[in-house]
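*Asks:* Single-letter residue listing:
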Amino acid sequence: MTLDKPRLVQMLRTMIMIREFDERAIQLRLAGKIYGAVHPYVGQEAVAVGVCTPLAVTDRVTSNHRGHGHCIAKGADIRRMMAELFGRVDGYCKGKGGSMHIADFAVGMLGANGIVGGGLPIACGAALAAQLEGRGAVTVCFFGDGAVAEGEFHESMNIAGLWKLPIVFVCENNQYAANNAIGAQHPRIDIAGHAAPYDMPGVVVDGNDVLAVHAATEEAVARARRGAGPSLLECQTYRWHFHAMRAACPPETRPAEEIARWKAGDPIARLEQEMVARALLSADELRALRQRVTTDLDDAVAFAEASPFPDPKDLMADMFAE
Amino acid sequence: MREISFQTALDEAVAEEMRRDPRVITLGTDFTGNPVKEFGASRVRFTPISEAVLTGMGLGAAGCGVRPIVNWRMVTFSFVAMDQVVNQASKIRYMFGGQADFPVTYRCSTGGGIGLAAQHSQSPYSMWMHLAGLKIVLPSTPADAKGLLKSAIRDNNPVVSFECSRLATLTGPVPDGDHLVPLGVADVKRTGTDVTLVGLAYYVRESLAVADELAREGISVEVVDPRTLVPMDVETLRESVQKTGRLVVVDEAPATCSAASEIAALIVEDRDTFRALKAPVRRVCAMPVPVPYSPPLEQAALPSRLDIKAAVYDVLKESVRGEWRPA
Ligand SMILES: Cc1ncc(C[n+]2csc(CCOP(=O)(O)OP(=O)(O)O)c2C)c(N)n1
Ligand SMILES: [Mg+2]
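The listed protein sequences derive, respectively, from chains B and A.
Each residue of the first sequence is one higher than the last, beginning at 1 in the numbering used here.
Each residue of the second sequence is one higher than the last, beginning at 323 in the numbering used here.
Just so you know, not all the hints are guaranteed correct.
Over 10 Å on every C-beta distance to chain B, these chain A residues come out as not near it, computed from the model [claimed, not checked]:
hint	residue
1	E325
2	H442
3	D500
4	A508
5	E535
6	S542
7	A598
8	Q621
Cβ pair distances, simulated, as ranges [said to hold, decoys possible]:
hint	chain 1	residue 1	chain 2	residue 2	range
9	B	M1	A	L588	57 to 63 Å
10	B	A31	A	V358	56 to 62 Å
11	B	D311	A	V590	28 to 34 Å
12	A	P495	B	L315	39 to 45 Å
13	B	A178	A	R341	46 to 52 Å
14	B	A321	A	T491	33 to 39 Å
These are computed hints drawn from the structure, not numbers from a lab.
This structure is a prediction, so every number in the text was calculated from the model and none was measured.
By construction, the Cβ of each residue, glycine as well, lies at the ideal position given by its N, Cα and C atoms.
So that you can see chain A by itself, here it is in the shape it has in the complex:
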């Protein structure tokens, strides 16, 4: 185990996969470090600022035996490539009847909280979940970031890797060697019995911090990180809620049609999990506004630890069955 940053973990994932498989190439307008030195300019491609063609090129090259990693840098910029994402990448395999595989990885940073204001503080993963046809990863730790990105690059489908900006410089332990995290497997980051907190990306950390604070009050919180949004590990989520009977989902995307909404629906529409519920499900999400610039406004727009805590108290208080009492 080494202690490295989230960003370093991602860089290592790309470098290791490029070393492992000569078909892996990477395209972007900029790269961290100097990957050209090791891999050469034909595999590390500095591109013009042309997200639509980059997105489609990654797809077209993938259909012809290459394994491209297209780095949009910020998810913001992917929006000018919407045709290639929505009409092409998410549909190409199915509409051609599975004739070819398209092993392309799209990478982008996501999220707010670092003062970049509306256009550069977006968390639109649910838009892409909605498409069907794209796999989506959203790691919360350096180890998961590395392991998931490596799996994404090895996957034979278009995968979008959402990489939370606020996590970039944070460090954590990462196993040595060829560390892989399979797509579609959630991780219980902390076990507990009273409430399940499902966090996404940065809000896994925040949920863990809240869980620590609440433990001192005798509240036992389980923190689950889906890690992959498509395919979603619904079994692990349901298992947790069947145990705790209470669910709070935390994310920095606004609640409307969000990943948090999807998780809530997956919980309540399952008969066994529904029966186990002791309180209404709660979403703690961003306010439905473009993320503002000024720090007090930005903080007001995004979920805080206090918001998470309040939601946990609420689901304990609002319990319709099995009233909760401090241990």
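Just chain B, same shape as in the assembly:
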């Protein structure tokens, strides 16, 4: 896939949207307009966008608790996402799921997941379905570095390698699982190294470089499409905010110097600079693009607020299919 100007602008726009969506979500949570937990994706935008850009709508992704970015990058409608955070009937799950259970099956987004590692087996099932369909569809499974310590990760990698499932395992190594640094969780800090025993390529990618993520994903997706089996991408990145918030933002516990270093490698600024350097983006265009994101988000919030709350009489609806 050639990354021409329209596509790069689209990627940049999606990254900015992801960042601003979660910045907005934090404000809405502080204002008590939405409920539950928010896990901001801010800082990791290059992973979702770099990975989802080469995917077709018939390709599928599974996500985790930090899933808003994956959802937006896969093509979900931010108005229905916002309505879900507001707990309204026009939300993707009619208000039954909330932030940690957003899904949009119509665009191949098979769900966020509140269980660390829980999405990996489901992704393998989607990949099995694609393998049986035989139309070359691919499944991408997003998970964090924390999930690598779960049994479900290893079972999934094992069967995917064994059956050459058309799946790309995308580990977003943001250096922490909640407040625990990666070095405190794994005997060797080498997530990509888990690929070899399961007979698949393992690639370390600069997860703040959307073009690098895109290139690595393209290769892994092509491999999966031609039936050559799974890959593991370790995208090294960093979350800018706390792990999770409820009514208040928890205090920062990570070293200030470390945060500053990663922020200096801001994935959005890097793409902007690259595009400016290649004369693909003017300052005016960038300003207009950012303005558009803001108005789209305002519109999404207005849509969500205008949507009614679910009627308690619908509590039991959707339990079972006919």
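Fit chain A with the ligands to the known structure of chain B by using the hints.
*Replies:* Chain A with the ligands only, in chain B's frame:
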């Protein structure tokens, strides 16, 4: 009608449904017979011993248009897949607002009584009933086993098929052709007027045997098999108890928070049925211990015909209204 074993009936159900619908596939570490021969290795999948991923894969594939049958073999092994059962399968449809259906069938053997000791002699269906979001079948005859499993495979929800180990080799008549038993419909296996015996799986047979013995003493026992635990056919159960006024529930799971407890509650919390009750409800269940190995201990842990009989005598004796006399 043919006379076939419970296990053969289950195998036939899978084969017939795989023949009928190319979307049906089956995953497991082992299969009875040689289904690969007819259906090929892409639809009959020998898997590594990875229950968590199998359980989740069945679910994920179901959400993408496949109709998987995941065979855990023994319910014992499903416990290493608890995340996928509890957090994923039982909730996925509801928490996503009904966006997609998940037609996956999970099969497992269940129960004790065959000397396999604690870990391989479990009857945990009430744990799964408790989850809300899973349908559960628990057949007691070859015909029901076949008909219920076929319905489970055609159902558009996650269904768990509990298949009692002690019944596997027992035979019974099975109707020819496309024999289906709808989910959620109980079966009155024997009609009677004095006491309702609700049995589950193997204990339907035992209840029928006890009913035969008691008939010779002039006691008329009705035996009801719920067949499906979720959804439970509460109407049929209540109707029976409204007629007999007495209820004994028999199962080989321990009584605490059991299917038997649930049935007892469904009976007593209904006003009309409560009014019809002539005696306290009794549960005849396993002792609250891991099932032991040595035959005399195992027999002591699981309900026996004598236990069932004693409970029936008790509810007749303990009648607070309408004293029972031999006919
Ligand atoms: C099985 C399980 N254990 C614990 C948790 C609580 N929890 C939620 S997110 C999280 C950290 C996950 O870290 P990682 O996978 O690296 O993802 P990140 O939050 O860094 O994006 C934990 C421990 C959970 N949701 N599921
Ligand atoms: Mg992490």
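*Asks:* Please go over all the hints and tell whether each is borne out by the structure.
*Replies:* Quick rundown of the hints versus the structure:
With a closest Cβ-Cβ approach of about 35 Å to chain B, E325/A is found to remain outside the 10 Å limit, as its non-interface label requires. H442/A, annotated as away from the interface, keeps every beta carbon of chain B farther than 10 Å; the closest lies near 21 Å. Separation of D500/A from chain B is adequate, the least Cβ-Cβ distance of about 20 Å exceeding the 10 Å criterion. Against chain B, the non-interface label of A508/A holds: every CB pair exceeds 10 Å, the least being about 19 Å.
The claim that E535/A lies off the interface holds: its Cβ sits roughly 40 Å from the closest Cβ of chain B, which is beyond the 10 Å cut-off. Every CB of chain B lies more than 10 Å from the CB of S542/A, the least distance being 37 Å, so the non-interface label holds. With a closest Cβ-Cβ approach of about 29 Å to chain B, A598/A is found to remain outside the 10 Å limit, as its non-interface label requires. With a closest Cβ-Cβ approach of about 37 Å to chain B, Q621/A is found to remain outside the 10 Å limit, as its non-interface label requires.
Taking 57 to 63 Å as the suggested C-beta distance range, the pair M1/B and L588/A conforms, at roughly 59 Å. Range check, A31/B to V358/A: about 59 Å between beta-carbon atoms, so the 56 to 62 Å window is met. For D311/B and V590/A, the hinted distance range of 28 to 34 Å is satisfied, since their beta carbons lie about 32 Å from each other. For the pair P495/A and L315/B, the supplied restraint of 39 to 45 Å holds, since their beta-carbon distance comes to about 43 Å.
The hinted range of 46 to 52 Å is satisfied by A178/B and R341/A, whose Cβ atoms lie roughly 50 Å apart. Roughly 35 Å separates the CB atoms of A321/B and T491/A, a value that falls within the hinted 33 to 39 Å.
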